[in-house]
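A.B. asks: Here is what each chain is made of, one letter per residue.
Number of protein chains: 2
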Amino acid sequence: MYHDVLVRLEDAGVRRVRSQELARECNVRGDRVRADLSRFDRFGIVGHGYDVHVLRINLGRVLRVQTPRKAVLIGTGASAEAFLLGVAGRMVGGRSVEPFDVVAGVVQSLRVRFGVVATEPGWAQETVDALQMVGVVAVLNVSGGGVRCPSGVVVETASPMLSFKRLSFLAPRRGVRVSG
Amino acid sequence: MYHDVLVRLEDAGVRRVRSQELARECNVRGDRVRADLSRFDRFGIVGHGYDVHVLRINLGRVLRVQTPRKAVLIGTGASAEAFLLGVAGRMVGGRSVEPFDVVAGVVQSLRVRFGVVATEPGWAQETVDALQMVGVVAVLNVSGGGVRCPSGVVVETASPMLSFKRLSFLAPRRGVRVSG
DNA sequence: TAGATTGTTAATCGATTAACAATC
DNA sequence: TAGATTGTTAATCGATTAACAATC
Numbered sequence: 001m002y003h004d005v006l007v008r009l010e011d012a013g014v015r016r017v018r019s020q021e022l023a024r025e026c027n028v029r030g031d032r033v034r035a036d037l038s039r040f041d042r043f044g045i046v047g048h049g050y051d052v053h054v055l056r057i058n059l060g061r062v063l064r065v066q067t068p069r070k071a072v073l074i075g076t077g078a079s080a081e082a083f084l085l086g087v088a089g090r091m092v093g094g095r096s097v098e099p100f101d102v103v104a105g106v107v108q109s110l111r112v113r114f115g116v117v118a119t120e121p122g123w124a125q126e127t128v129d130a131l132q133m134v135g136v137v138a139v140l141n142v143s144g145g146g147v148r149c150p151s152g153v154v155v156e157t158a159s160p161m162l163s164f165k166r167l168s169f170l171a172p173r174r175g176v177r178v179s180g
Numbered sequence: 001m002y003h004d005v006l007v008r009l010e011d012a013g014v015r016r017v018r019s020q021e022l023a024r025e026c027n028v029r030g031d032r033v034r035a036d037l038s039r040f041d042r043f044g045i046v047g048h049g050y051d052v053h054v055l056r057i058n059l060g061r062v063l064r065v066q067t068p069r070k071a072v073l074i075g076t077g078a079s080a081e082a083f084l085l086g087v088a089g090r091m092v093g094g095r096s097v098e099p100f101d102v103v104a105g106v107v108q109s110l111r112v113r114f115g116v117v118a119t120e121p122g123w124a125q126e127t128v129d130a131l132q133m134v135g136v137v138a139v140l141n142v143s144g145g146g147v148r149c150p151s152g153v154v155v156e157t158a159s160p161m162l163s164f165k166r167l168s169f170l171a172p173r174r175g176v177r178v179s180g
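Read top to bottom, the protein sequences are chains A and B.
For the first sequence, the numbering used here assigns the number 1 to the initial residue and increments by one for each residue that follows.
For the second sequence, the numbering used here assigns the number 1 to the initial residue and increments by one for each residue that follows.
Hints should not be assumed to be uniformly reliable.
What the hints assert, rightly or not - In silico SDA-like cross-links for lysine to any residue, where the CA-CA straight-line distance does not exceed 20 Å:
#1 Lys165/B with Ile57/A
#2 Lys165/B with Ser109/A
#3 Lys70/A with Asp41/B
#4 Lys165/B with Pro121/A
#5 Lys165/A with Pro121/B
#6 Lys165/B with Cys26/A
#7 Lys165/A with Pro121/A
#8 Lys165/A with Ala171/B
#9 Lys70/B with Ile57/A
#10 Lys70/A with Gly60/B
#11 Lys165/B with Leu85/A
#12 Lys70/A with Arg39/B
#13 Lys165/A with Asp4/B
#14 Lys165/A with Lys165/B
#15 Lys70/A with Val87/B
#16 Lys165/B with Val112/A
Simulated from the structure, these hints should not be mistaken for lab results.
Based on the provided sequences and hints, a complete structural model is requested.
C.D. replies: Below is the structure:
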């Protein structure tokens with residue numbers, strides 16, 4: 001979240017940022033930003049805030065987004081296309097459809113560690129299990145299906161349906177005030 | 001999360017479910033499920049677990065997903081299409097492109113409370129602000145852009161880029177064991 | 001009655017908030 | 001030196017876990 005904002009700020013030519021400004025962009029409080037960042041190191045200059053570039057680089061290192069990561073995307077439908085568009089910011093060319101065994105072989109020999117599951121919902125579990133078998137350790141599940149995560153694997157599920165149910169519960173209701 | 005699983009179970013014809021089984025599907029523990037559910041009511045039968053249908057209905061009521069909710073989707077690109085596909089489970093027909101003022105008028109007069117922002121990233125903030133002005137109280141932001149949420153509005157941002165950065169940090173690294 | 005499983009209470013843990021000393 | 005802002009410590013809060021009594 002902070003990293004995203006820092007990238008935006010740097011692109012906009014901003015040099016210096018205070019914890020409160022960063023907080024505002026992220027809908028949190030200034031002390032929360034400082035507490036979070038200081039878990040890793042002292043990135044700021046007391047009395048002056050943070051150097052945007054320096055903080056972006058350091059946070060990138062912490063998140064390990066500096067070094068390129070090989071990832072495999074399983075699925076051919078609209079979710080797959082939407083994911084590619086969302087990550088690359090543009091349409092990505094060059095696809096071919098291969099049997100899963102072939103894909104698994106490539107994943108294994110190239111030591112791919114990250115996976116995105118964009119299959120039909122009913123195939124999500126099987127796909128994650130298969131990816132785990134060939135060495136994938138982190139999976140983003142955008143299939144809409146549920147997944148029990150095998151040991152040794154981190155699974156993050158992103159589903160518009162789930163997000164919508166959460167919103168439906170969290171939406172402010174007239175006359176009801178919720179703390180936090 | 002629980003509601004999603006219950007819908008799947010009911011579709012599969014399952015009548016009864018124990019907290020541990022529900023937990024397994026959601027990658028949590030049985031006592032967590034019981035603690036969560038009992039925040040709202042006593043849905044279960046001691047010694048026998050939960051009736052899938054009864055629990056689904058009750059949880060649906062809590063989440064307010066039973067009553068249909070009017071929502072407005074702003075945006076015409078692939079994110080918008082992908083969202084529709086993800087929610088409806090199929091392609092949805094019947095679109096027309098209207099000036100935003102017209103859309104705002106319709107939102108206001110139909111008292112639409114939910115919004116999905118699938119514009120280009122740079123327009124997300126402006127769109128959320130405009131929706132707030134015409135009475136929207138909950139927004140799902142799938143634009144890829146950042147949004148500061150105006151008061152009185154709940155914003156949930158879903159971004160593949162963000163999810164990927166999180167995974168990149170959480171992914172198990174050889175030799176490092178993390179608690180939790 | 002015996003066995004199973006919920007719902008609740010108490011204990012633990014971690015995350016957020018508040019306050020402020022350190023220091024640029 | 002004065003003002004601003006970080007990083008840290010202590011206090012608060014809420015969420016998770018553990019244990020078990022209640023009861024179907």
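A.B. asks: Each hint: holds or not?
C.D. replies: Comparing the hints with the structure gives:
Our distance criterion of 20 Å between C-alpha atoms is met by Lys165/B and Ile57/A, whose separation comes to about 14 Å. For the given pair, Lys165/B sits about 24 Å from Ser109/A by alpha-carbon distance, which is inconsistent with the 20 Å threshold. With a C-alpha separation of about 46 Å, the suggested pairing of Lys70/A with Asp41/B is violated against the 20 Å cut-off. Pair hint Lys165/B plus Pro121/A does not hold up; C-alpha atoms about 23 Å apart against a cutoff of 20 Å.
Straight-line distance between C-alpha atoms of Lys165/A and Pro121/B comes to about 23 Å, which puts the hinted pair past the 20 Å bound. The hinted pair formed by Lys165/B and Cys26/A meets the criterion: a straight-line CA distance of about 16 Å does not exceed 20 Å. Between Lys165/A and Pro121/A, the direct Cα distance comes to roughly 18 Å. Compliance with the 20 Å bound is thereby established for this hinted pair. For the hint pairing Lys165/A with Ala171/B, the CA-to-CA distance comes to about 27 Å; that exceeds 20 Å, so the pair is violated.
A hinted pair counts as satisfied when its Cα atoms are at most 20 Å apart, and Lys70/B with Ile57/A does not qualify at roughly 43 Å. Taken as a hint, the Lys70/A and Gly60/B pair is broken in the structure, with Cα atoms around 40 Å apart against an allowance of 20 Å. Simply put, Lys165/B and Leu85/A have alpha-carbon atoms about 16 Å apart, close enough for the 20 Å limit, and the pair holds. Between Lys70/A and Arg39/B the CA atoms are separated by roughly 43 Å; this puts the pair beyond 20 Å, and the hint is violated.
Taking the CA atoms of Lys165/A and Asp4/B, the gap is near 9 Å; set against the 20 Å cutoff, the hint holds. Restraint check: the Cα-Cα separation between Lys165/A and Lys165/B comes to about 24 Å, which exceeds 20 Å; the hinted pair is violated. A threshold of 20 Å between alpha carbons decides the hint, and for Lys70/A with Val87/B the separation of about 29 Å lies outside it, so the pair is violated. Taking the CA atoms of Lys165/B and Val112/A, the gap is about 16 Å. The hint holds against a cut of 20 Å.
The structure is inconsistent with the numbered hints 2, 3, 4, 5, 8, 9, 10, 12, 14 and 15, although it conforms to all the rest.
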